[in-house]
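Following the hints, complete the assembly by docking chain P onto the known chain R.
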Amino acid sequence: MIELEMRRLKHDRTEIYTRAIQPILWLAVYGSVMSHVRDIPTNGIPYIDYITPGVLLQSTIFVSVFYGLTLVWERETGILKRLLVAPASRYATVIGRALASGVRAVVQALIIFPVAMLLGVKFISDPVYIIAAFLMLFMISGGFAGLSIFVASLMKTRERFMGIGQAMIMPLFFASNALYPIKLMPPLLQSIAIVNPLTYAVDAVRGLMISGDVTNITLDFSAVIIFDLIIFAVASISFKKIIE
Amino acid sequence: MELAIETSHLTKVYDGKINALDGVDLTVKAAGIFALLGPNGSGKTTLMRILTTQFRPTTGTARVFGLDVVKHDASIRKIIGYVPQEMSVWLDITSFENLLIYSKIYGVPSGIRKKSISDALQSMGLDEVANVPVKKYSGGMIRRLEIACSLLIKPRLIFLDEPTLGLDPSARKAVWENLMSFKDEYGTTVFFNTHYMDEADMYSDEVAIISKGRIVKSGTACELKRSLHSEILTFSIDHGDIGSALRGPASAGLRWESSLLERIKALDFIDDASMHDSNLHVVVEDSEFALPAIIEVLRSEGITIQKIKGARPTMDDVFLRYAGMLPVKGGGKSRT
Chain R
0 MIELEMRRLK HDRTEIYTRA IQPILWLAVY GSVMSHVRDI PTNGIPYIDY
50 ITPGVLLQST IFVSVFYGLT LVWERETGIL KRLLVAPASR YATVIGRALA
100 SGVRAVVQAL IIFPVAMLLG VKFISDPVYI IAAFLMLFMI SGGFAGLSIF
150 VASLMKTRER FMGIGQAMIM PLFFASNALY PIKLMPPLLQ SIAIVNPLTY
200 AVDAVRGLMI SGDVTNITLD FSAVIIFDLI IFAVASISFK KIIE
Chain P
0 MELAIETSHL TKVYDGKINA LDGVDLTVKA AGIFALLGPN GSGKTTLMRI
50 LTTQFRPTTG TARVFGLDVV KHDASIRKII GYVPQEMSVW LDITSFENLL
100 IYSKIYGVPS GIRKKSISDA LQSMGLDEVA NVPVKKYSGG MIRRLEIACS
150 LLIKPRLIFL DEPTLGLDPS ARKAVWENLM SFKDEYGTTV FFNTHYMDEA
200 DMYSDEVAII SKGRIVKSGT ACELKRSLHS EILTFSIDHG DIGSALRGPA
250 SAGLRWESSL LERIKALDFI DDASMHDSNL HVVVEDSEFA LPAIIEVLRS
300 EGITIQKIKG ARPTMDDVFL RYAGMLPVKG GGKSRT
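Read top to bottom, the protein sequences are chains R and P. For the first sequence, numbering that gives the first Met the number 0 assigns the number 0 to the initial residue and increments by one for each residue that follows. For the second sequence, numbering that gives the first Met the number 0 assigns the number 0 to the initial residue and increments by one for each residue that follows.
Don't read these hints as lab results, they were simulated from the structure. There's no promise every hint is true.
Unchecked claim - Restraint ranges, calculated between C-beta atoms of paired labels, are given here:
#	chain 1	residue 1	chain 2	residue 2	range
1	R	Val-194	P	Asp-91	32 to 40 angstroms
2	P	Leu-2	R	Thr-217	54 to 62 angstroms
3	P	Ser-137	R	Met-169	40 to 48 angstroms
4	P	Asp-21	R	Val-233	28 to 36 angstroms
5	P	Gln-121	R	Leu-117	49 to 57 angstroms
6	R	Ile-229	P	Gly-65	34 to 42 angstroms
7	P	Gly-40	R	Leu-183	55 to 63 angstroms
8	R	Ile-229	P	Leu-2	41 to 49 angstroms
What the hints assert, rightly or not - Capping the alpha-carbon separation at 30 angstroms, the derived lysine-lysine pairs in DSS-like fashion look like this:
#	chain 1	residue 1	chain 2	residue 2
9	P	Lys-113	P	Lys-135
10	R	Lys-155	P	Lys-77
11	R	Lys-155	P	Lys-135
12	P	Lys-172	P	Lys-135
13	P	Lys-134	R	Lys-155
14	P	Lys-70	P	Lys-153
15	R	Lys-239	P	Lys-153
16	P	Lys-28	P	Lys-216
17	R	Lys-240	P	Lys-16
18	R	Lys-121	R	Lys-182
19	P	Lys-103	P	Lys-153
20	R	Lys-239	P	Lys-103
21	P	Lys-113	P	Lys-70
22	P	Lys-28	R	Lys-155
23	P	Lys-16	R	Lys-239
24	P	Lys-153	P	Lys-114
25	P	Lys-70	R	Lys-240
26	P	Lys-308	P	Lys-216
27	P	Lys-16	P	Lys-70
28	R	Lys-239	P	Lys-308
29	P	Lys-114	P	Lys-77
30	R	Lys-239	P	Lys-134
31	R	Lys-240	P	Lys-153
32	P	Lys-211	R	Lys-239
33	P	Lys-153	P	Lys-211
34	P	Lys-135	P	Lys-182
35	P	Lys-103	R	Lys-240
As the structure is a prediction and not an experimental result, all values here were calculated from the model. Backbone N, C-alpha and C fix where the C-beta goes; we use that ideal spot for every residue, glycine too.
Bound-form chain R, shown alone:
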């Protein structure tokens, strides 16, 4: 499945480039404007640097959350039926596809990464940290792709799926620490942010790429791993429903 995504990307790279436009605008426009607002406590990190991990994750998660659309399309064609009739187990199919989306997401992040550097974002130069950050990107994107597969198996049509996908992406992004620290949020939003796996991913990537503060790294990785495992199990169980 991962190979499938790589081969598809090899044949048509346009999608990767066009999808990079939005996050780059976030960084270049929103980031540079907001950096003049001194009220957001970022522990002394320039604001544009502060939001870079969030924007990187947002762009990769956008890819993942809409990954289910591929499945909805495949449902309308015969590909899904054929996959269900293949000897591979349904768990393998779901996890394979979710991880394939993770690969797509990492490729996406690799495009944005140098642009952020050009915009003056200072990354930590330790390769181990950067690799760990990309591993986190990969894991969280895979998890959200699993979530997307789950939603696709219930929604089944493009229109319904788009509605849910749009409804999911905004709260995910804003009810997390991607753009501002959790402390600034009203209590309700704070409690959402605490169960939002994106919060942990952002924390890890920010620690690994920008601040170098990795005190919570074990918690962050554990939270995302638990999220992935639950989502993969749920998505595999509901996957069969997609063709009914």
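Only chain P this time, still in chain R's reference frame:
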């Protein structure tokens, strides 16, 4: 005789309301080609999807090479190939890549992967275009690729849902020729749904007709056609004979015609008889027995026969009759 498929009292109810299958009893012999015919919505696709383990039946049992579709679904998936009605390949990559991905999904061991792919490409006559992106293919080529994907594991049984839908006659022929040669080489059983009666007639060893979720008739194409018990014999009669019969008053001519028809209808194996201009049409159950008797009657009336034409029922007639679109007895349409 080994059975590839065996179902008993199979039912499928959707949402507690719609009876898609209503007690299907069916057997399919191994290593043959089996055609399932039926109108839209008759349950063809549902049956195929149960047999390919996509759905569970509501009640009843179904076995594929002796394996139960509910209990042994994983084992069944290892020995079957399936080509759905809808497109089932990725268009943005080449056919070699499609086969490569599918060979991995199907778990073809890496040592024989290359060989399996080249065999599949060759079986479907696609070896020369293996590295062309699929979006540049014609409809017939895409269909052949889809079939090739399901041949990778050399399945014992291959299911084809409307395999040639929307293809032109030459593309249909190419699909079937490739499929037949693969079947002959590997002894694969082929089970297909179709609306094309000529395909069922030409390529299948056995045919079953499904209507409203039940199998209403099964047998070889020849048996089904014969089972209609109707063949239309058309006798072209010499104009002179009719002229002499009609030389008298018009009413006498009519009397002559109706008495001739009555005499013919009274014979054994005759369903109906009618006269149009100088053509006498007789619907017979069995022409071998009916023909001599009819000739006898015509001779005794002093009529010279110029030409006799027989029209046997086609699979279209069989389909129309059994799929519940025409009453079971009488009046089938036939073509020469």
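Quick rundown of the hints versus the structure:
no.: 1; hint: R:Val-194 / P:Asp-91: 32 to 40 angstroms; in the structure: holds (37 angstroms)
no.: 2; hint: P:Leu-2 / R:Thr-217: 54 to 62 angstroms; in the structure: holds (59 angstroms)
no.: 3; hint: P:Ser-137 / R:Met-169: 40 to 48 angstroms; in the structure: holds (44 angstroms)
no.: 4; hint: P:Asp-21 / R:Val-233: 28 to 36 angstroms; in the structure: holds (35 angstroms)
no.: 5; hint: P:Gln-121 / R:Leu-117: 49 to 57 angstroms; in the structure: holds (51 angstroms)
no.: 6; hint: R:Ile-229 / P:Gly-65: 34 to 42 angstroms; in the structure: holds (39 angstroms)
no.: 7; hint: P:Gly-40 / R:Leu-183: 55 to 63 angstroms; in the structure: holds (59 angstroms)
no.: 8; hint: R:Ile-229 / P:Leu-2: 41 to 49 angstroms; in the structure: holds (44 angstroms)
no.: 9; hint: P:Lys-113 / P:Lys-135; in the structure: holds (23 angstroms)
no.: 10; hint: R:Lys-155 / P:Lys-77; in the structure: holds (27 angstroms)
no.: 11; hint: R:Lys-155 / P:Lys-135; in the structure: holds (29 angstroms)
no.: 12; hint: P:Lys-172 / P:Lys-135; in the structure: holds (21 angstroms)
no.: 13; hint: P:Lys-134 / R:Lys-155; in the structure: holds (25 angstroms)
no.: 14; hint: P:Lys-70 / P:Lys-153; in the structure: holds (23 angstroms)
no.: 15; hint: R:Lys-239 / P:Lys-153; in the structure: holds (25 angstroms)
no.: 16; hint: P:Lys-28 / P:Lys-216; in the structure: holds (16 angstroms)
no.: 17; hint: R:Lys-240 / P:Lys-16; in the structure: holds (19 angstroms)
no.: 18; hint: R:Lys-121 / R:Lys-182; in the structure: holds (24 angstroms)
no.: 19; hint: P:Lys-103 / P:Lys-153; in the structure: holds (14 angstroms)
no.: 20; hint: R:Lys-239 / P:Lys-103; in the structure: holds (20 angstroms)
no.: 21; hint: P:Lys-113 / P:Lys-70; in the structure: violated (33 angstroms)
no.: 22; hint: P:Lys-28 / R:Lys-155; in the structure: violated (37 angstroms)
no.: 23; hint: P:Lys-16 / R:Lys-239; in the structure: holds (21 angstroms)
no.: 24; hint: P:Lys-153 / P:Lys-114; in the structure: holds (12 angstroms)
no.: 25; hint: P:Lys-70 / R:Lys-240; in the structure: holds (19 angstroms)
no.: 26; hint: P:Lys-308 / P:Lys-216; in the structure: holds (29 angstroms)
no.: 27; hint: P:Lys-16 / P:Lys-70; in the structure: holds (25 angstroms)
no.: 28; hint: R:Lys-239 / P:Lys-308; in the structure: violated (57 angstroms)
no.: 29; hint: P:Lys-114 / P:Lys-77; in the structure: holds (19 angstroms)
no.: 30; hint: R:Lys-239 / P:Lys-134; in the structure: holds (28 angstroms)
no.: 31; hint: R:Lys-240 / P:Lys-153; in the structure: holds (28 angstroms)
no.: 32; hint: P:Lys-211 / R:Lys-239; in the structure: holds (26 angstroms)
no.: 33; hint: P:Lys-153 / P:Lys-211; in the structure: violated (33 angstroms)
no.: 34; hint: P:Lys-135 / P:Lys-182; in the structure: holds (28 angstroms)
no.: 35; hint: P:Lys-103 / R:Lys-240; in the structure: holds (24 angstroms)
Of the numbered hints given earlier, the model fails hints 21, 22, 28, 33; all others are met.
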